[in-house]
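Trainee: Each chain, written out:
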Amino acid sequence: SQQGEEDPQALSIQEGENATMNCSYKTSINNLQWYRQNSGRGLVHLILIRSNEREKHSGRLRVTLDTSKKSSSLLITASRAADTASYFCATDAGGYSTLTFGKGTMLLVSP
Amino acid sequence: NAGVTQTPKFQVLKTGQSMTLQCAQDMNHNSMYWYRQDPGMGLRLIYYSASEGTTDKGEVPNGYNVSRLNKREFSLRLESAAPSQTSVYFCASTTDRAGGGYTFGSGTRLTVV
Chain A
287 SQQGEEDPQA LSIQEGENAT MNCSYKTSIN NLQWYRQNSG RGLVHLILIR SNEREKHSGR
347 LRVTLDTSKK SSSLLITASR AADTASYFCA TDAGGYSTLT FGKGTMLLVS P
Chain B
270 NAGVTQTPKF QVLKTGQSMT LQCAQDMNHN SMYWYRQDPG MGLRLIYYSA SEGTTDKGEV
330 PNGYNVSRLN KREFSLRLES AAPSQTSVYF CASTTDRAGG GYTFGSGTRL TVV
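Chains as they are written, first to last, in the numbering used here: chain A, 287 to 397; chain B, 270 to 382.
Source of the hints: derived by calculation from the structure; they are not laboratory data. Any given hint could turn out to be false.
To be verified - Lysine to aspartate or glutamate pairs mimicking EDC-like chemistry, simulated, CA-CA at most 20 Å apart: (1) A:355 x A:339; (2) A:312 x B:328; (3) A:389 x B:307; (4) A:389 x B:328; (5) B:278 x B:307; (6) A:355 x A:291; (7) A:342 x A:301; (8) A:356 x A:369.
Here chain B stands alone, though its shape is the one from the complex:
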């Protein structure tokens, strides 16, 4: 069981470039999430998908878009990267949004120069 797989693990972008962070889970989980982690800030929710076909904004959605491609995959897109988006991005999933523990991927470390 791979759990939650994120690609790429590292990425350097120039300001204004776009990219998509990929996330896939093989646990048949319904809900998936994208968080960013910055020093001293803990984890902040960017977007989430309660089930296939639905997506909702989290605490810090500006500058991002998401796609729940199917039950397994949930991607995060930066259309025009900014230095403020330099962060570590984590994807997570859970079987049930109401009351379950999350399974996290290993993260994508993104630097925007």
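Next up, chain A with everything else stripped away, as it sits in the complex:
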């Protein structure tokens, strides 16, 4: 069962623009993570935000978490063609649970 659901399913922007992807989930979480997957490759961990954090930054990435709305957003600023990939949110419900992934957002950044 999918815990996280990303929105939109696909996003197409120009280089230099910002890209925003959203993730909604259903149950309480310990942390939420974002991953990137380039075509035909494995997933790469981007950033982790814990349930007691509201915002986190890493380079051009900004993640927010609203536990009251059970939602998170990933902002990529000043997008580059190399950012073209699928982006997945994954939730960790804590305890002895495992990561549950959403279906992903496909981002296309055109030069």
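Based on the hints, put chain B in the right spot on chain A.
Mentor: Chain B alone, transformed into the frame defined by chain A:
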């Protein structure tokens, strides 16, 4: 550091054949996982191993078995492959099941005909 290594990268099986997907990590991670990825379905957990000597079922375990051979290696076996098992399989590991990011292998693309 190789990270997580999966073999083979590609495989074609006939229905009913068996095979084992291999996964090894060199990061001294405790927990290891097998996921499958199908178009439009995201990643779904097949089996995981919280530590050496333990394995547990995930969301879609039917038709699969696993072995945590040692701390480094976690294999996935298909005893009698079916076309529904055509998928991309990913192995992942993390140092601590509670709160860490996962490191993924590059995947095995399996086709069952």
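Trainee: Given the hint that residue 389 (chain A) pairs with residue 307 (chain B), does the C-alpha gap stay at or below 20 Å?
Mentor: 10 Å, holds
Trainee: Does the structure keep residue 389 (chain A) and residue 328 (chain B) at a Cα separation of 20 Å or less?
Mentor: 15 Å, holds
Trainee: Take the C-alpha atoms of residue 278 (chain B) and residue 307 (chain B), compute the straight-line distance between them, and say whether it is at most 20 Å.
Mentor: It holds: about 16 Å lies between the C-alpha atoms, which stays within 20 Å.
Trainee: For residue 355 (chain A) and residue 291 (chain A), compute the direct alpha-carbon distance and say whether it is at most 20 Å.
Mentor: Holds - the C-alpha atoms of residue 291 (chain A) and residue 355 (chain A) are around 13 Å apart, at most 20 Å.
Trainee: Within a Cα-Cα threshold of 20 Å, do residue 356 (chain A) and residue 369 (chain A) meet the stated pairing?
Mentor: Given that 20 Å is the threshold and the Cα spacing comes to 26 Å, the pair is violated.
Trainee: With a cut-off of 20 Å on the C-alpha distance, tell me whether residue 355 (chain A) and residue 339 (chain A) pass.
Mentor: Status holds; Cα separation ~14 Å.
Trainee: Hey, residue 342 (chain A) versus residue 301 (chain A), does the alpha-carbon distance stay inside 20 Å?
Mentor: Distance of about 23 Å is beyond 20 Å: violated.
Trainee: Are residue 312 (chain A) and residue 328 (chain B) close enough, with their CA atoms no more than 20 Å apart?
Mentor: This hinted pair holds, its Cα atoms lying about 17 Å apart.
Of the numbered hints given earlier, the model fails hints 7 and 8; all others are met.
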